[in-house]
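The listed protein sequences derive, respectively, from chains U and G.
Quick note: the first sequence uses the numbering used here, first residue 13, plus one each step.
Quick note: the second sequence uses the numbering used here, first residue 841, plus one each step.
Derived from the structure by calculation, the hints contain no laboratory data.
Positions of the beta carbon are idealized from the N, C-alpha and C atoms, including for glycine.
Check each hint, because a few of them may be wrong.
[Claimed, not checked] Beta-carbon label-pair distances, calculated as ranges:
(1) U:506 to G:1594: 51 to 61 Å
(2) G:879 to U:394: 49 to 59 Å
(3) U:24 to G:1335: 28 to 38 Å
(4) U:24 to G:1368: 49 to 59 Å
(5) G:1335 to U:50: 21 to 31 Å
(6) G:1595 to U:315: 47 to 57 Å
(7) G:1595 to U:506: 47 to 57 Å
(8) U:50 to G:1507: 52 to 62 Å
(9) G:1544 to U:300: 35 to 45 Å
(10) U:24 to G:1428: 34 to 44 Å
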Amino acid sequence: MIKLIINDIAIDVKEGSTLLDAATQLGLEIPTMCHNGELEHFTSCMLCLVKDGKTGKLLPSCSAKAFDGMEIITSDDEIREARKIALELLMSEHAGDCEAPCRVACPAFMDIPMMNRLIVAGQFQQALEVVMKDIALPAVLGRICPAPCEGACKRKPIDQAVSICLLKRFTADQANTYPAISNSIPSGHKVAIIGAGPAGLAAAFYLQTNGIQALVFESNPLPGGAMRYAIVNAELDKTVLDHEIDHIRSTGVQFNPDTKIDASAFTTIRNEYDAVVVATGNYSKSMDDWGMENNGKQIVVNKNTYQTSLDKVFAIGNANRSMQLAIRSAAQGKDVAISIKQMLTGKPVKGEERRFNSTLGKLMTEEHSEYMKEGSKDERQAPAGFSDKGFDAHMAQKEAARCLHCDCRKPNDCKLRLYSEQYDVSKKRFAYTGRKPVKKIFQQDVIVYEPGKCIKCGICVRLTAKHQEKFGFTFIGRGFDVEIGVPFSQDLDVALGKTALLVADACPTGALCRLD
Amino acid sequence: MQHTIQHIINEKGTSKDAVIPILQAIQKYFNYLPEEALEIVCAHTKITPAEIVGVASFYSQFRFKPAGKHLVKVCVGTACHVKGADLVFDSLKRNLKLDADHDTDAEGIFTLEKVSCLGCCSLAPAVQIDNVTYGHVTPATSITILQDFTQRQTKGKEKIVVVGGEDVSQGEIRIGLGSCCVASGSEEIRLAVEDTIQNDSLKLNVKHVGCVGMCHQVPLIEVVEPNKPAKLYAKVKPGDVKQIVEKHFKPKGFFRKLKISFESMVENIQHDGRWDGVEKYSIDYREKHVAAFLGDQIPIATEHRGVINPSDMDEYLLRGGFTGLRNALKLKPEDIVESVISSGIRGRGGAGFPTGQKWKTVAAQQTTPKYVICNGDEGDPGAFMDRMLLESYPLRIIEGMLIAAYAVGATHGYFYIRAEYPLAVLRIREALATCLNKGYLGKNILNSGFDFEIRIKEGAGAFVCGEETALIASIEGKRGFPVLRPPFPAVKGLWEKPTLINNTETLAQIPWILTNGHAKFSIIGTTGSKGTKVFALAGKINRGGLIEVPMGISMRRIVEDIGGGVQDGKKLKAVQIGGPSGGCIPHFLADKPIDFESLDEVGAMMGSGGLVVLDETDCMVDIARYFLSFTQNESCGKCTFCRTGTRRMLDIMNKLCEGKAKESDLTELETLAGWTKKGSLCGLGKTAPNPILSTLRFFREEYEAHINGKCPTGKCKALVKYSVDDKCIGCTICAQQCPVDAIPFSPHKKHEIDTALCTKCDICRQACPVDAIRVG
C-alpha cells in the first residue's frame, strides 16, 4: 500500500494507483476529458492537473502515479486557473454551436430545432409542448412576431431561413387542446400582476403553472393589452387572442378587469401579495409616486431578475424599456416567474440562468454544403395567401425538414460545456485566428462526426484499436493541425463496423454523436 | 507494386516496429507514399491501417503526393533565418511560379520545401537541391542556382579517379569531409586533387578527415610533406588545387615535369586566375586566426579533429582509440559508474541531468534485457554538433556506447539518428561493420565475455523525438508522442525495459574520461558543470564553426576571441543559446560564464548547444517569433497547452510582427507562456516559451515598439516600406533586378518604388551600388 496525503487527508492506495484513482477513492471530483476507465491513460486534455504540495509542480493526475509521502492538492486558485486556461485554449479551436443560433436569437430562448424535429416526426402536440415551455401565446406570436430567430438561421445565407415563426403558429393552430402544463403543486403563494399585455399574461401563465396563484389587474375591460388595442384585426384575428387568453385563464389565473391601480392601490397590493409584477406597459408620470427607482421614462430593474428598487416588486415589458417586441415582453414574463419562484422558495434570486454557450459565428461558403447534409433541399414553403394563412401539416413537415440541426447533439452530456461553465470560461479569449471549416461526416443513421468539435483526446482512436476495427480511427497529421480521421479515406460505415455507438457515447464532446 | 512492396517487407520485417523503415523504403522507391502501397503493407504485416497512417502522417519526412524530380530544400535554420532565408524562399517560390497550394512547379521538376536545418550554418543562407548544396544564396542569386543545377544535370557524371599504389608515398593531402565541407564543394576538390595526382603521377595519400570545426573557411585542404609542418589552405576552389599540389610536390620524371610545366603555362595564359585564392588563404597568412580559433578550445569529444579519418579503425587505435573501453573492461561495472559520477559529467542534450546518476539507475535495475540508446536526433535549427560528431568520430561514439553498456549491463544498443543526416548514418553503418569485424561488437567483445550489438534507427523528421520517451515510441514504430515521466526510461523504457539514453556528445566524451581518468575531466569547467561543451557557432560572426570549449568560458571570449568578433564590424546585440528551448544572452551579460547554472539564471538553457550571434540589425521579436513558429510546428499535438498554447502564442507574435498587437496582447502572451511552461506534458512544450520569456525580459522595449507599429531594426516586413533616397544615381540596376516590376525603368533619374507592388524581397537594396535604398 502507498500512503499519501490528499487535501490534508491521509489515504492508503494500491501500488500502481494514479493520483486520480486516489482522489476518486476519497470521493473527490477531478475534471477529466481524455480519461476513459476502459483505456490506458493518454494525458492529453490536462484538465486533471493537481499540485504536488512539496514541489509546487502541476501533475496530470490521470497518469501520475501515487508515491509514498506525496502531499497532493486537488484544487486551489492556481489549479483552477490552469484548468480554465486549458479549457479556454480548447474552446479557442472549438467550432460548433452548443445551442442553435435561432434559439439564442429568440428572446424567449425557445428550443426551435427541437420543435422542428418533432414536427418532422409528426409529433405535433409534443412540438407545441416544446414551444409552450417558453412561449405562453404561441398562436398570437406565431402571427405577430417579427421573428428575430429567422434572422439568425444558418440556412438564411444558404438559400432562405427556415420559416420558424409559421411553424410555431402551426403547432398552436393544429392543436385542439393546449397541452396541460403544470410543473408543481400549489405553493400557497400569490402574486399580483399589474397589466394583462404579453408580459403580464406570460408572467401569469408561468407563475400559475409553477404552483403560484397569479392575479392580474387590468385597467381595460378585456385582457390582451397592446395585442388587443394596438394591433388591427387584419394582423391578428382577436378570436385567436381570446382563445389563448382562455387557455391561460383555464390554468387558474384570475383576472380583475377595469381596475386602475394608483399609488395607494399599489401599496395595498404590495402588502397583500407575496410579490408584485409591474407589467403596465409604457411608464407614465402617474407612477412616479409608486416609489420605484426610475429615470422618468422607465423603471430601473436588474437586467437578469427584473427586480426593482422596491422589495418584492418586479417590472417587465415596456415598463422597464419602451418599444419592446411582444416576444421580448412575453419572454420577460416567463423569466420573471423564475425570479419570483426563486425568491419565494428562499433561493438566491438570479433569474433564468443560461448555460455556457459556444457559438460558431457566420458560416463560410465552403461550409454551406456541410450544413446542407442535415436539411432537405426544398425551398422555403410559403402558404397560399401568406399573411392570413398558416401551414397545413404536410407543408409544416416539409418546411421543418429544412432545419439544419445547428444545435449540438450533446447539449447536456458534453464535458467541454460542463467544465467551461464550472470554470467560467471565455470562449473568445484566445480565439485570435479564424477557425477551421466545419465538416460533418455521417455514418448512415447511426452517428455523425464533426472534427471541429474534437479535442484530440484520442479516446475513439484507442477504443477502435482496442476493439480491433480493421480501419477504425487514427491520428492524422500532428501538432495544431492534427485531426482524427479514418485511414485510407474509408467511409465511417466501413471504419466503425462494430464500435460506432461505443465511440459516440465515449466521446467527451459533441464531436461524435448518435443521430437522434 | 505488389512485388516491390513485398521485397521491402522481406527486407525490413513484418513486426510493428518495422513501420518507419518500411515507409522510408517505399518513399525512397516511389518518391512519395502511394496509398495502395500502404494498403499492401497492412495486408502482409502486423501493421494496421490506423497505425501506418498515424505514423506516416506524423513524421514530416513522408509525402503523400508525388514530388518533383528534384527537391529544393531551403534551410530555415536559425543562422539562415537571420541571414534572410525567408527572402530566399520567397524568391525561389516566385521563380518556380508556386502558389499557396502547390509546392511543385508545373513541369514537375522542382519541389520546394523548407527544412529546419541543413547543418551548414556557416554557409547561411543555404539551399540544397538533391545532393548539391549552395551557400550564401541571396534572393537575386536564387534563380542562378536553379540554372546551375539544371546545367549540372545535363553535364553528366564526373569521372572517378583511382589513386594510390605500391610506391612509397611522397606525402599526404587531407580533405575535410564533414557536411559543411561537402556542402561547400569538397567533393569537387577531392576530384581535382585526384585528377592532379593522376596527371602528375604523384604518389600521395589522399585522406578524408572529419570536421575540423572551421566551417567558416570551408572547403579546407591540408598538405602534409614529410618532416615539414602541415600547411592548411582555406576556401579552396577546384581551380586552385593543381597549383597547391604542385607547389608542394614535384611530378616524377623529367619529361613529364616539362610537359606539365608547359601545360600549366598554357593554362595560366588561358585563364587569368593564376594563384587566385591560394596565397590569399594559405596558412601563413591565416596562421594567427587559426591559432585564435583553436586557442581557447579543448578537444575531448572532438579529439584529433581534422587529423583522423572517421572510418579508419587502425588510425583510431593508433591514436589511443578503445583504450577507454579496454580500461573499462578491466573494471567492475559499478566502478565505471562511480568514475563517471566522479567526473561530474552532465548530459549534453539539454537539461544537463548528471550522466553517472542515470547510469546508476539503469545499472540497478533487475529486469533484462537492457538497452542503450545514442540520441542523435539533433533537431535544433542552428545546431550541428551531433551530426559532426557522428560523421567525424563514429568509432569514439561506439566506444562510448560500449562502455556505457558494459557499465549498466545492457546487451542491445540503438543509434537513433535524424533523417536529415544521411552522411552520419553512412559513417556509423561503416563503423559498426568495422567494429563487428574486429571484435569490438557482437559476442565476447575483446574476450571479456561481454556481448553487445548495435542497430541504427533513422528518424523521420520530428523534433519532438529528441525527447526520450518520444524517441522510444519512434523506435517502437509509433507516433512520437511523449509520455509522462516517471516512470523514467532508465526504469521502464524501450519495450518497457530499462533503457539508458544518452546524447551523442555525452557518449563521445565517455572514452576520454575512461582513458584519462575522471579527475582530469573534472578539473575542467566550473563547480556545477564539468568538462567541455561542443557548440555550433553561427550567425553574425566572423569565424563560425564547431568549437569545443571548457564549461564556464564567457560568451565574450567565444564571440571575440574564438569567433573573431561580430561580422561587418557591427555591434553585438545578443547570443541566442539553446535554440527553440533556450534564450538570449544580451550583450550586457556577455561576461557571464556559460554553464548550466548561469544559463538557467538568465532564463536560457544549454539546449543542444547552438550559439547564434545576433547583431544590432536583428529584431528580437522576430527571433522569438521564429523559434516559436519552429516549436509550434514541431509540437506533437498531444497535450492542450503545447498544441494550442504554442499556437495562440504564435498568433500573438504574428500580430506583433504585423504591428496589429495591443498592450493587452503582451499580457496574454506572458500568461500563455507561463501556463504552457507549467502545464505541458514534455520538455518541448515546457521550454517552448523560453525564447519569448527571455526576449521579453531583456528586450521588452522592442515588443513595445512593435505595439506602436514600429520594428526598430526594420526586419518585420509588414512594418517597413522600401524607398529610394537622394543618393540614387539613376543607374537602373534596381529596376532591372526587381522581380515584380515595382521600380519603373527611368535612367538618370531618381528611381521610385511602387509600394503597392513591392514584395519587400530586398533584391534592390542588395543590388544598389550606392546604398540608396531605404528600409523603414
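Hints and how they fare:
Range check, residue 506 of chain U to residue 1594 of chain G: Cβ separation about 56 Å, and the 51 to 61 Å hint holds. For residue 879 of chain G paired with residue 394 of chain U, a C-beta distance near 52 Å keeps the hint of 49 to 59 Å intact. In this structure the supplied range 28 to 38 Å holds for residue 24 of chain U paired with residue 1335 of chain G, their Cβ-Cβ distance being about 32 Å. Look at residue 24 of chain U against residue 1368 of chain G: about 39 Å separates their beta carbons, and that is not inside 49 to 59 Å.
Between residue 1335 of chain G and residue 50 of chain U the beta carbons are some 24 Å apart, a value that agrees with the proposed interval 21 to 31 Å. A C-beta distance of roughly 50 Å is found between residue 1595 of chain G and residue 315 of chain U, which places it inside the suggested range of 47 to 57 Å. About 55 Å separates the C-beta atoms of residue 1595 of chain G and residue 506 of chain U, a value consistent with the hinted range of 47 to 57 Å. At about 42 Å, the CB distance of residue 50 of chain U to residue 1507 of chain G disagrees with the hint of 52 to 62 Å.
For the hinted restraint 35 to 45 Å between residue 1544 of chain G and residue 300 of chain U, the CB-CB distance of approximately 54 Å leaves it violated. Between residue 24 of chain U and residue 1428 of chain G the beta carbons are some 55 Å apart, a value that contradicts the proposed interval 34 to 44 Å.
The earlier numbered hints that this structure contradicts are 4, 8, 9, 10.
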